[in-house]
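Q: Chain order of the listed sequences is W and A. In this text, residue positions in the first sequence follow UniProt numbering: the first is 1, and each later residue adds one. In this text, residue positions in the second sequence follow UniProt numbering: the first is 1, and each later residue adds one.
Take the hints with a grain of salt, since some may be wrong.
Identical copies go unnamed one by one, so any copy, or any two together, can satisfy a pair.
Claimed, not checked - Pairs of lysine-lysine residues, derived as BS3-like cross-links and limited to a Cα-Cα distance of at most 27 Å, are as follows: (1) Lys-316 <-> Lys-159; (2) Lys-159 <-> Lys-7; (3) Lys-165 <-> Lys-7; (4) Lys-390 <-> Lys-187; (5) Lys-195 <-> Lys-7; (6) Lys-195 <-> Lys-159; (7) Lys-383 <-> Lys-362; (8) Lys-72 <-> Lys-45; (9) Lys-165 <-> Lys-290; (10) Lys-383 <-> Lys-316.
FYI, nobody ran anything at the bench for these hints, they're computed from the structure.
2 protein chains.
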Amino acid sequence: MTFEYSKRVPQTDNDVVGEILEAAANPAVISFAGGLPAPELFPVKEMQKAADTVFETEGQTALQYSNAIGEKVLRDEIVKLMADRKVTTTVDHIGVTTGSEQSIDLLAKMFINPGDTVIVEEPTYLCTLDVFRSYGANIVGVEMDENGMRMDKFEEALKAHPETKLVYTIPTFQNPTGRTMSLDRRKEFVELANKYDILVMEDDPYGAIRYEGTELPPLKHFDTQDRVVYMSTFSKILAPGMRLGWIVCNLDVLSNFVVMKQSADLHSDNLSQHIIAKFLEQNDIYKHIKEISDLYHHRFELMLEAIKNEFPADAKYSHPEGGMFIWVELPGDVDTMELFKTCVEHNVAFVPGDSFYPNQPKRGTFRLNFSNVDDETIKVGMKRLGDALKAALQ
Amino acid sequence: MTFEYSKRVPQTDNDVVGEILEAAANPAVISFAGGLPAPELFPVKEMQKAADTVFETEGQTALQYSNAIGEKVLRDEIVKLMADRKVTTTVDHIGVTTGSEQSIDLLAKMFINPGDTVIVEEPTYLCTLDVFRSYGANIVGVEMDENGMRMDKFEEALKAHPETKLVYTIPTFQNPTGRTMSLDRRKEFVELANKYDILVMEDDPYGAIRYEGTELPPLKHFDTQDRVVYMSTFSKILAPGMRLGWIVCNLDVLSNFVVMKQSADLHSDNLSQHIIAKFLEQNDIYKHIKEISDLYHHRFELMLEAIKNEFPADAKYSHPEGGMFIWVELPGDVDTMELFKTCVEHNVAFVPGDSFYPNQPKRGTFRLNFSNVDDETIKVGMKRLGDALKAALQ
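With the hints as extra help, turn the sequences into a complete structure.
A: Set out below in structure tokens:
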């Protein structure tokens, strides 16, 4: 039979991301394209111990159906994590999700009618763009600089689009740029959201992984009108395979979120919720996060050094103080997809910048990941990349 | 701020299901309202052993990101389960989901445009109705009898609604009725789907839990045109807390499903996928299913006996050969919600039939669950229910 899909299914004739992943999956290719944590730091033994305790003390509970808002043992632990992040909240304001991707999807589903305007940083996380598009959003991008979203441009966008429903931002170690919104801009951002009365989706998967500079409170910390929905995840600080994230938000938003969540998957994996809650009870998560940050710091420095040595002198790049990504902008008018093909011929890959732009991409941009590659791979891969850039830019 | 939700968020002023759950949660009330498996049969020790093996042999893999289609080790096991269910398929046709609820949600999202017509059994699983409504479906119910959906009424509906996009059915031990579609009707059902060229969503969460009668192949077995999307789950045969289900379908449908799945939660819990795959490798699942079926059989018989002894003589009820539910239809014109209130006053609860109807409910109907209540509870609760019915029907 011929299948007639709904308008929500993307037209996939031009699957750029698929092609990139396919090229990057070739074993001969060194890939800086991924966004994966370093698996050698997964606390496998500690997680096994936590799982054993769960099976021995609450096995039947952990294997039974749970509730859509999430297990209280885990939400109690999240309250503590939030306090450490300078957000004072209570367990009633916290919902557990099947990872940040689900948080983004359900919030988009519950707020965006077809044609609604949403504002994002330009560039931004490509899966968020896919989700917003699937609900028919009109996406407006706002220019960034090294201190995150530009507030003058943000207000311009708000004035030009008074119908704006919400703004989505990754303030800390942004994906794909690695940039962090400055303290002043955080305050101004919340003031503008208040002034123009829009909802804020704050996505903070990387904030905890800081290896340099001073910690900055999330936007939620400055939120006096309960309009910021804060999202985070265990994917980067513990284990992405367990697909557990959370949101912190207004009670009315949460009660509707729970209804949407129930229709999406009833609730998140109950066994994994109990295991992570137990892990947090049995271990010092900050000791673990320190190990991750130290390793990523080392890999970042190595990649930075290679950029300085191997890249054209006028290439620009971000200097993230944490997270997993460096953003590169090449001088001149470079066709990024052509450049990508040249690099793959040199057996090295990245994610071309185009996918991260809601509308017109900035040419000659790409994202490098340093969290999931060892020293030797960074050295060899960055040499190849430097050679490929020289070949392409001749 | 005032939150403006999208049209997809249900208007929850009248949260009947919430009220029912609240009433049933009162510890003084014996509840036959739930749909939970018997937790005392969860294979906690075996699951712990499987988890230990996973942590010891593939811990890093299980904790890392995976792919949207699901882990191959689990999909390989599902191929075997499907063969036992008389469906010959290959691993390429199988996608892992975060439980059947997600299978239903994503299929609805990818096929239903607002205003599209979908056909369902009347009554049917209430969460499916919620999902279909959230995507703006026009839902047409088809009458059932003791042999499942009536084929004459099905064809009438297809003729009356030539625009029909898909039909959703639970052919075996249906929720809420416990009824099973007969062999002849299964064949006729697929013929009608072919003739009117519509997609079939076959939901089979309970089929494996048979304690009486002859096993019947799923609709997918009779599907010569690859139009049946078969859905099942580990929730009823292993552990609902781990939120893992699967679909078996056409390759084109699956490739689009995977795109939707990626936007929904990237992939299902990878640790749980590895644990269940390992459990299936280390244990005889059919021995475990036999234990479940035997216990449910015993509880069903006990509830049936109580119905015969305690209920009004002219009450009708289904006689399921498996699964978890009995459906009751009372004589006369009974206001089900009033009846429910009387029963709660007698400290016993069920799910009133109204929620299971897409449009006009049949009055005086309700669903009883027997899988999650022990002998004494069944005896005491059914006595209370009998007394309440007598009081209400006087």
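Q: Quick check: which numbered hints come out false for this structure?
A: 1, 4 and 9
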